[in-house]
Amino acid sequence: MPDYLAQVLQRHPQNAPPWLDAVHREGRRSCLARTLPTPKTESWKYTSLRALEQDNYAGLPTPAQAPLETHYHIDGFDSYTLVFVNGHFSPALSGNALPEGVELVRFSEADEAQARAIQTRLGEVAQREQSIFTALNESGLQDGVYLRVKPNVRLETPIQVVWLTTPQSEAFTVSQRLLLVMESGSEAELLEYFTSDTTQQNSFTNGITELVLGDNARLQHYRLHTEQEQALHIGGVHASLGRDADLNSFHLATGGALKRIDIVVNHAGPGAHCTLQGVYLLRNKQHVDYHTCIEHRVPHCTTDEVFRGIVGGAARAVFNGRIHIHPNAQKTLAQLSNKNLLTSAQAEVDTKPELEIYADDVQCAHGATVAQLDETSLHYLRTRGLAPEQARVMLSFGFINELLNRIADPAVATHLRPLLSDFFGDGNHLAEPPV
Amino acid sequence: MAQESLDHLIRTEYAAGFTTDIESDTLPPGLDEEVVAFISSKKNEPDWLRAWRLEAYRGWRQMTEPAWAQVGYPQIDFDAVSYYSSPKAMADRPQSLDEVDPELLATYEKLGIPLHEQEALAGVAVDAVFDSVSVATTFRHKLAEAGVIFCPISEAVQTHPELVRKYLGSVVPPRDNFYAALNSAVFSDGSFVYIPKGVRCPMELSTYFRINEAKTGQFERTLIIADEGSYVSYLEGCTAPMRDENQLHAAVVELVALDNAQIKYSTVQNWYPGDAEGRGGIYNFVTKRGVAHTNAHISWTQVETGSAVTWKYPSVILRGDNSIGEFYSVALTNNFQQADTGTKMIHIGNNTRSTIISKGISAGRSSNAYRGLVRMSPRSSGSRNYTQCDSLLIGDRCAAHTFPYIESRNPSAVVEHEATTSKVSDDQLYLCQQRGIDTEKAVSMIVNGFCKEVFKELPMEFAVEAGKLLEVSLEGSVG
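Protein chains in written order, with my numbering: chain A, 1 to 435; chain B, 1 to 479.
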């Protein structure tokens, strides 16, 4: 069995600006001091990294032919778009005018002052010591996006960053990084789209997003994963919220032989609010693992977290939702709900909502269910003349659609609906459960 | 050679002297194969049981202490623990209460367990364990009439070896976990219950455990077998006197409910929790598990208010179709107490049902964690679980945690989990105070109401005791 970690750390990122050398070194050092998690590691209990050893993913990503735009184009979502293909910026696909009040640079084109700013802030919320995959991301970083929204600027145009993977002759690992700094009082909308163009993927994406929200900043964030089945992804979103900041983050994951997303939200200023929503749809032998961790460090913050999933085929969904209320984080309100539909005898759902509370004047609740469609509702639809299959599709879609309805931007919701109903339409994973 | 070392051990134990007014012979601290063999020979055990103990001991040597629980305590030096102690006059065991050492009886009186009264009033057969050896067992005759076997497990080894051999370790294997392995190697005594086919046990069975010997770990082993179609309700209650030194306790309880049988196991645990500064107290590491066969029903009810550290997960393996598992728990921690407790419901049979109601109350600077597992195996069709975990916080320096693991591999199974955490609300307190109820009383009322769902599962006299216990345990935590 090839030792993935040892091999991937031997390679050196190409075309990276010299100032990133220090970041590479630190990342590599941090990786070398540790080993990859095993099923004995509590937070990796249900997710095996075996997929990572099945191919030699230690190859370097090379600039690739730009594929068609259709994969990620969202009708009516008039955004400023940056497209990366296998980690390399694709100017031909990127475009539109950069909105006012925004500083947006790629790491590779940053001037000295910008490089310094990036260096200072990189890793501020996504700390390499917390996860070996954050360290790994740093060790292989060749480019990234730094986005700063100036104080009190309200962006009218959303920013879209597309991370595309396309097959190469040899399997490879690509580090993708986004650092968003929102100064106080600013408002923005950011959509990250992780996708791939063909079913024959041999990529391992290690995508880390850092969101730093200053006081009173508001961010509408989406992170969509529609990579193909063979694509691997381990990454996460790390956010820090200042006083009265508001983060609304929507997550979607379909497919993937191995997908592990860590979402860490740090309430660092009183009065901050976070809405976290996620949908995962799995079939065949797919594996999706969402680990969320909300750190309430200060008083008067609120969290509203909802994740829903439909799991069929021989797929496995893992959800771990942790809410951690630190001492003194009084008057916290935190809610978490995770509901799963398990539709096949070979599929598995492992869920663990966690509460860790060190303050008394708080109201926290969490709920988790693993079940199937309600028989009464199915019966009702059948009395109205719907075929069993149709009724199943309708109810399953309704289950997910409740979350889509909460998406703030109608263009995104409209884009996602057909995408998801396609998933149900194929009928494969919604077959009658064995009686 | 073995004989020599045994003699040596027997000699040295007297050198260790006596620690209480009641004389007892205590093994010097430390654990090796010879100690295990000594315990076995002291109890005059058959060879298979000695081999079984030694096997467990060897397994234990290879294991490491679990560190995953949300508890922190100084490293336990297992070589500083004495693994055997028994009241001195064991050879001529008293035949009736009159013959029991009056000092021992006086201790029970202090703890509010008057044996005479209990015999008469409560109609409860009491198998009192003082340290490691049972000294008084009552109501044996009445039970014998019904065919129920209720005796110390050391006695059952002699009188019913076939039952003990068949079921001992069948639910909690000797190498199940670190503490279970330790218990299997050195278990001193405990209760053995066998209810024959179709018998409804004529009374509630009860054991009062008590730890008296300083530095003596207690390693009870309880085995309850309910044969087909039988019913038994078993009560376990514990108290321990003030001690400054931490005491280790690692018990194993095994329940076997054969087809159509029902076992109801209730516990009130109020061992010494340590003083207000967090000194002393019992370390309680317990493995409790039951196997429910077809249509069987196992129910665990526990009220945990004592111990400095509690590590306890009474579980049910729902092996047979239509079997039922229940877990009702109130865990209260105060001062510096730490509890990591919960349950495991392993659904294997079809149409199995489990219910988990857990109420955690943290006060002072304590930490209280619920840790549970609900597993629906692929062949467990039509099974259901409902879990509700509520935590109540009293004071701003305590902690409450919930770690429910849910693993579902069957598309016809339904698993529901809900948890909430809140504090005693100011509105509720205000309402009570308006009606002339003082704060402490009001909190106690609210807490009792919070626990009502669990208390109603307890047998009457336990429910009363449990309510009082909460009140006592919460003293000084308000205002």
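Hints listed in this document are in silico derivations from the structure and should not be mistaken for laboratory results.
Do not rely on the hints blindly, as some may be mistaken.
Unchecked claim - Not everything, but these chain A residues come out facing chain B in the computed CB check (under 8 Å): (1) P18; (2) A22; (3) E53; (4) N56; (5) G59; (6) A345; (7) T351; (8) K352; (9) L355; (10) E356; (11) Q363; (12) H366; (13) A368; (14) D374.
Stated by the list, open to error - Derived pair list, reagent style EDC-like, types lysine to aspartate or glutamate, alpha-carbon separation capped at 16 Å: (15) K197(B) to D259(B); (16) K150(A) to E109(A); (17) K468(B) to D426(B); (18) K331(A) to D426(B); (19) K441(B) to D426(B); (20) K441(B) to E471(B); (21) K150(A) to D215(A); (22) K339(A) to D304(A); (23) K285(A) to E229(A); (24) K339(A) to D227(B); (25) K40(A) to E65(B); (26) K331(A) to D396(B); (27) K197(B) to D227(B); (28) K339(A) to E418(B); (29) K166(B) to D47(B).
Even for Gly, the Cβ is constructed at its ideal location relative to N, Cα and C.
Measuring from the C-beta of H366(A) to each C-beta in chain B, is the shortest one below 8 Å?
Holds - the Cβ of H366(A) comes within 8 Å of chain B, reaching about 5 Å at its closest.
Are the Cα positions of K339(A) and D304(A) separated by 16 Å at most?
holds (14 Å)
Next pair to validate is K150(A) with D215(A); report whether the Cα-Cα distance is within 16 Å.
Distance ~12 Å between K150(A) and D215(A) Cα, so the pair holds.
Between K166(B) and D47(B), is the straight-line Cα distance small enough, at 16 Å or below?
holds (15 Å)
Is the straight-line distance between the alpha-carbon of K331(A) and that of D426(B) 16 Å or less?
holds (13 Å)
Tell me if K352(A) is really an interface residue toward chain B, meaning its C-beta lies closer than 8 Å to one of theirs.
holds (5 Å)
So if I understand the rule, the pair passes when the alpha-carbon distance is 16 Å or less; does K441(B) with E471(B) pass?
The hint holds at about 8 Å.
K197(B) paired with D259(B) [C-alpha distance capped at 16 Å]
holds (10 Å)
When the nearest CB of chain B is found for E53(A), is that gap smaller than 8 Å?
At 24 Å from the nearest chain B Cβ, E53(A) fails the 8 Å test, so the hint is violated.
Have a go at the D374(A) hint: is there a Cβ in chain B nearer than 8 Å to its own Cβ?
Not OK, violated: D374(A) not within 8 Å of chain B, min 10 Å.
With 8 Å as the cut and Cβ atoms as the points, is Q363(A) at the interface with chain B?
Q363(A) check passes; min Cβ-Cβ to chain B is 5 Å, inside 8 Å.
Distance restraint between K441(B) and D426(B), which requires alpha-carbon spacing of 16 Å or less
Within the cut-off at roughly 14 Å; holds.
Hint check: violations occur at hints 1, 2, 3, 4, 5, 14, 16, 17 and 24; the rest are consistent with the structure.
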